[in-house]
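Chains as they are written, first to last, in numbering that gives the first Met the number 0: chain D, 0 to 77; chain H, 0 to 333; chain W, 0 to 347.
Hints listed in this document are in silico derivations from the structure and should not be mistaken for laboratory results.
Where hints are given, some of them may not hold.
[Said to hold, decoys possible] Pairs of lysine-lysine residues, derived as DSS-like cross-links and limited to a Cα-Cα distance of at most 27 Å, are as follows:
hint, chain 1, residue 1, chain 2, residue 2
1, H, Lys213, H, Lys261
2, W, Lys197, H, Lys183
3, H, Lys261, D, Lys67
4, D, Lys42, H, Lys183
5, H, Lys297, H, Lys5
6, W, Lys197, H, Lys32
7, H, Lys297, H, Lys276
8, H, Lys183, D, Lys67
9, W, Lys272, H, Lys261
10, W, Lys120, W, Lys197
11, W, Lys43, D, Lys67
12, H, Lys98, W, Lys334
13, H, Lys40, W, Lys334
14, W, Lys242, H, Lys40
15, H, Lys32, D, Lys42
16, D, Lys67, H, Lys33
17, H, Lys33, D, Lys42
18, W, Lys334, D, Lys67
19, W, Lys43, W, Lys120
20, D, Lys42, H, Lys40
21, W, Lys197, H, Lys33
22, W, Lys334, W, Lys242
23, D, Lys67, H, Lys32
24, H, Lys40, W, Lys197
25, W, Lys43, D, Lys42
26, H, Lys5, H, Lys98
27, H, Lys261, D, Lys42
28, W, Lys197, D, Lys42
The chain contents come next:
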Amino acid sequence: MTDITVPQDLWDNDDEGVIFAWIYADGAVVEQGRLIAELTVEKAQLELIAPASGRLRILAPAETIVRKGTVIGRIEPL
Amino acid sequence: MNPTPKQRIWMYEAMLKSRLFDEAVFAAYWEGKKPLFHMGKGPLPGEMHQSFGQEPTAVGVCAHLGPDDAVGAGHRPHHVAIARGVDLKRMAAELFGKKTGLSGGRGGHMHLYDNRVNFFSSGIIAEGMGPGAGMALARKMQKKPGIAVAFNGDGAVNQGAFHEVMNMAALWKLPFICVIEDNKYAVSVTTRESTVVQAWQRAAAYDCPGEYVKGNDPDLIFAAAGRAIQHARDGKGPAILELETERLHGHFIGDSAGYRAKEEVAAQQDPLPLYRKRLLDEQVLSAADLASLESQVKQEVGAAMEYGRESEYPAPQEALERVFARGPTGRAKI
Amino acid sequence: MTQQAPDTGGSARTLTMARAGREAVIAEMRKDPNIFVIGEDVAKLGGVFGTTVGMAEEFGAGRVIDTPISETGFIGIATGAAMAGMRPIVEIAFVDFIGVCFNAIFNFAAKTHYMSGGQFKVPMTLMIGYGGGYNDAAQHSQCLVATLAHVPGIRIVTPADAYDAKGLMHSCLQDDNLTIWMVHKAIWGLGWLGTAIKTAMATVPEEPYAIPFGKARIWREGNDVTLVGYGITVHHALQAAEKLAAEGISAEVLDLRTIVPMDREAIMKSVRKTGRVVVADEDYMNCGVTAEVLATIAERDPRVLTAPAIRVANPDIPVPFSRPMENFALPDADKIVAAAKTTLQSSC
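Using the sequences and the hints, build the whole thing.
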């Protein structure tokens with residue numbers, strides 16, 4: 000099982016971000032390296048990539064406010 | 000032509016006013032827009048293009064202008080408006096969208112108009128060129144004194160209007176100054192990437208003087224602006240004045256300017272503390288007088304922002320008014 | 000910038016309109032080397048609205064070109080390139096900027112195929128953002144769809160969700176004519192322009208697909224009143240339909256989807272069923288798309304209407320900056336609800 004964590008290098012400062020949208024639904028099978036969510040920080044629209052392949056579990060739904068390092072989901076082995 | 004001590008103090012005061020105003024606007028802009036940046040939220044909604052770093056261009060030019068003159072600015076108008084003497088309270092109120100704003104809330108930050116000081120601004124690039132030259136033409140036709148100045152960015156020189164208007168202004172010897180603020184970026188595209196020959200050099204094509212001033216230095220800008228403006232006042236026609244300046248922030252609030260190299264951004268110099276230090280070093284005014292001036296400006300800006308916040312919004316239906324000027328029959332209708 | 004893994008037919012994806020449109024462009028550019036993108040801030044910045052993110056990296060500076068601020072110049076240049084066999088995509092971030100290049104669009108690009116008797120094609124797509132609602136004031140909030148639709152020679156599509164955005168972009172890029180793909184800024188899917196319109200996001204297939212021009216889309220079926228819209232007003236109409244349903248009124252929501260050519264038969268089919276129509280448009284009222292919809296009904300069979308039609312559109316004023324005034328001017332769900340109820344109370 001792999002945590003989906005908001006990467007430390009996704010944006011420059013310590014501002015909060017917001018999960019704009021999940022690309023896949025909870026329970027969907029996703030592939031490592033694919034885009035799985037979009038985050039917004041100020042005006043920037045950022046991409047969150049699947050760290051592993053498997054079944055997506057969404058822990059933080061869209062519109063959740065997040066910080067770098069927040070765990071927002073998990074990828075479970077199939 | 001060098002500025003007198005009085006003019007230098009005026010320039011610093013106007014730059015400081017612009018800076019403090021932009022700082023206050025910056026703080027207010029973020030209200031309601033964190034953590035989710037939605038442009039329409041908060042007391043200062045919409046886009047916001049600020050003038051941090053560009054203050055010298057406005058003061059160096061406007062120091063030469065009087066009530067007979069006219070000034071047009073672009074989508075980044077605050078420093079120009081303030082240097083021109085636009086009513087600061089009503090300008091703040093306009094940014095807040097209040098009834099007491101310059102346009103009753105109809106225009107907003109990019110569309111600032113103040114007919115008491117013959118000032119207008121437009122959000123479309125290079126839009127100020129035509130109307131600016133037109134105000135110069137009117138003065139000529141009416142045999143009235145006064146010149147017109149249009150402030151443009153470095154990106155604007157590649158709009159057709161730039162060429163068309165410079166050609167006509169030169170042809171008809173209009174008392175018109177085209178000021179180009181070269182902050183080196185048109186959003187993300189640099190002057191080098193967009194413009195094959197620096198715009199001031201195009202003056203040769205219009206048989207008019209063109210000058211480039213490096214350094215973002217109010218005193219140097221004052222001197223060059225004086226030359227260009229005198230040329231126009233003497234009836235000799237237009238001039239192009241291109242001024243190196245620095246855009247210290249992104250294109251608009253919310254633009255992190257990730258397209259700029261970090262070293263380049265770090266190397267930028269803020270003109271305000273530099274000029275402040277020069278005035279003290281050259282004993283143009285004492286530290287005490289400077290402190291007093293700064294306190295005054297801070298108060299004025301604070302009062303303007305409060306006026307903007309406290310003023311009422313217009314009634315929604317007021318949106319339907321002022322499309323047309325009142326005719327002889329009385330009330331204007333759409 | 001990320002590299003998408005190759006398509007393997009994975010799980011259903013919900014995309015924003017910006018991403019879906021971009022996916023279509025990238026797929027077509029990979030297939031056809033003659034397609035290039037040109038416009039302001041498209042290469043380095045990836046577009047002011049993120050329409051071209053990642054493309055300069057993938058296709059290079061030769062095919063994703065940053066221009067000076069010279070719309071008349073680069074629309075003309077793109078037109079010439081199209082006439083000589085290329086297939087340009089030109090980005091005009093804000094429709095308001097067509098003012099500085101309208102001649103190049105309507106007098107040359109739109110008319111060249113006709114004036115040349117078919118000798119020269121202009122396979123060019125303009126990618127344009129429009130609309131207000133976030134206090135960008137008069138010069139950055141317009142729609143001007145009617146202004147563009149009024150001139151012959153241009154095909155205009157206005158997708159209202161991500162699925163249509165991709166399908167219509169494929170159609171635009173495969174078409175040999177001047178096409179304009181227009182998206183209302185509030186439904187691109189950009190956080191900073193508002194996330195309220197979630198209905199604009201949609202499940203988008205990985206593989207390419209084309210949605211034909213001239214086919215409207217029924218988003219919601221109903222019997223009592225037809226709500227016609229395009230772009231953002233589809234979403235206002237959907238919200239209105241929900242509110243009306245709570246009061247026992249069944250509203251049909253019809254998305255024009257392409258403005259030129261307009262699916263007039265779909266309009267007639269719907270109003271024949273309901274007998275009442277409200278047309279919602281964020282563009283100015285006078286001589287607008289709303290008027291064209293009503294003209295269609297009046298010409299084909301006005302007797303289908305059992306009540307006067309109502310238009311909900313921006314009044315004939317520049318879009319005001321101040322929030323209460325802008326809200327007053329722009330259409331919204333409540334205004335559509337009020338109009339629908341009025342049609343049910345009146346008769347003719």
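Hint check:
For a cut-off of 27 Å, the pair hint linking lysine 213 of chain H to lysine 261 of chain H stands: about 22 Å separates their Cα positions. A C-alpha spacing of about 38 Å is found between lysine 197 of chain W and lysine 183 of chain H, which places the hinted pair above 27 Å, so the restraint is violated. About 22 Å separates the Cα atoms of lysine 261 of chain H and lysine 67 of chain D, which keeps this hinted pair within 27 Å; it holds. Between lysine 42 of chain D and lysine 183 of chain H, the direct Cα distance comes to roughly 22 Å. Compliance with the 27 Å bound is thereby established for this hinted pair.
Restraint check: the Cα-Cα separation between lysine 297 of chain H and lysine 5 of chain H comes to about 20 Å, which is no more than 27 Å; the hinted pair holds. Our distance criterion of 27 Å between C-alpha atoms is met by lysine 197 of chain W and lysine 32 of chain H, whose separation comes to about 19 Å. A distance of roughly 19 Å separates the Cα atoms of lysine 297 of chain H and lysine 276 of chain H; the hinted pair therefore holds under the 27 Å criterion. Taking the CA atoms of lysine 183 of chain H and lysine 67 of chain D, the gap is about 33 Å. The hint is violated against a cut of 27 Å.
For the suggested pair lysine 272 of chain W and lysine 261 of chain H, the alpha carbons sit about 63 Å apart, so the restraint of at most 27 Å is broken. Taken as a hint, the lysine 120 of chain W and lysine 197 of chain W pair is broken in the structure, with Cα atoms around 38 Å apart against an allowance of 27 Å. Proximity of lysine 43 of chain W to lysine 67 of chain D is assessed by CA-CA distance (about 26 Å); at most 27 Å being required, the pair is judged to hold. Taking the CA atoms of lysine 98 of chain H and lysine 334 of chain W, the gap is about 24 Å. The hint holds against a cut of 27 Å.
With a C-alpha separation of about 22 Å, the suggested pair lysine 40 of chain H and lysine 334 of chain W falls inside the 27 Å cut-off, and the hint holds. Of the pairs offered as hints, the one joining lysine 242 of chain W and lysine 40 of chain H holds, with about 25 Å between alpha carbons and a cut-off of 27 Å not exceeded. Restraint check for lysine 32 of chain H and lysine 42 of chain D: the C-alpha separation of about 10 Å stays at or below 27 Å, so the hint holds. As the CA atoms of lysine 67 of chain D and lysine 33 of chain H are separated by approximately 16 Å, the hinted pair is consistent with the 27 Å bound.
Distance restraint check for lysine 33 of chain H and lysine 42 of chain D: the Cα-Cα separation of roughly 11 Å lies within the 27 Å cut-off, and the hinted pair is therefore satisfied. Restraint check for lysine 334 of chain W and lysine 67 of chain D: the C-alpha separation of about 42 Å exceeds 27 Å, so the hint is violated. For the hint pairing lysine 43 of chain W with lysine 120 of chain W, the CA-to-CA distance comes to about 30 Å; that exceeds 27 Å, so the pair is violated. Note on lysine 42 of chain D and lysine 40 of chain H: the hinted pairing holds, with a Cα-Cα distance of about 13 Å set against a maximum of 27 Å.
In summary, the hint linking lysine 197 of chain W to lysine 33 of chain H is supported, as the alpha carbons are separated by about 20 Å, within the 27 Å threshold. Under the criterion of a C-alpha separation no larger than 27 Å, the hint pairing lysine 334 of chain W with lysine 242 of chain W is consistent with the structure, at around 11 Å. Our distance criterion of 27 Å between C-alpha atoms is met by lysine 67 of chain D and lysine 32 of chain H, whose separation comes to about 19 Å. Annotation: proposed proximity of lysine 40 of chain H to lysine 197 of chain W holds, straight-line Cα distance about 18 Å (limit 27 Å).
Straight-line distance between C-alpha atoms of lysine 43 of chain W and lysine 42 of chain D comes to about 16 Å, which keeps the hinted pair within the 27 Å bound. The straight-line distance between the Cα atoms of lysine 5 of chain H and lysine 98 of chain H is roughly 36 Å, outside the 27 Å bound, and the hint therefore fails. Distance restraint check for lysine 261 of chain H and lysine 42 of chain D: the Cα-Cα separation of roughly 19 Å lies within the 27 Å cut-off, and the hinted pair is therefore satisfied. Restraint check for lysine 197 of chain W and lysine 42 of chain D: the C-alpha separation of about 18 Å stays at or below 27 Å, so the hint holds.
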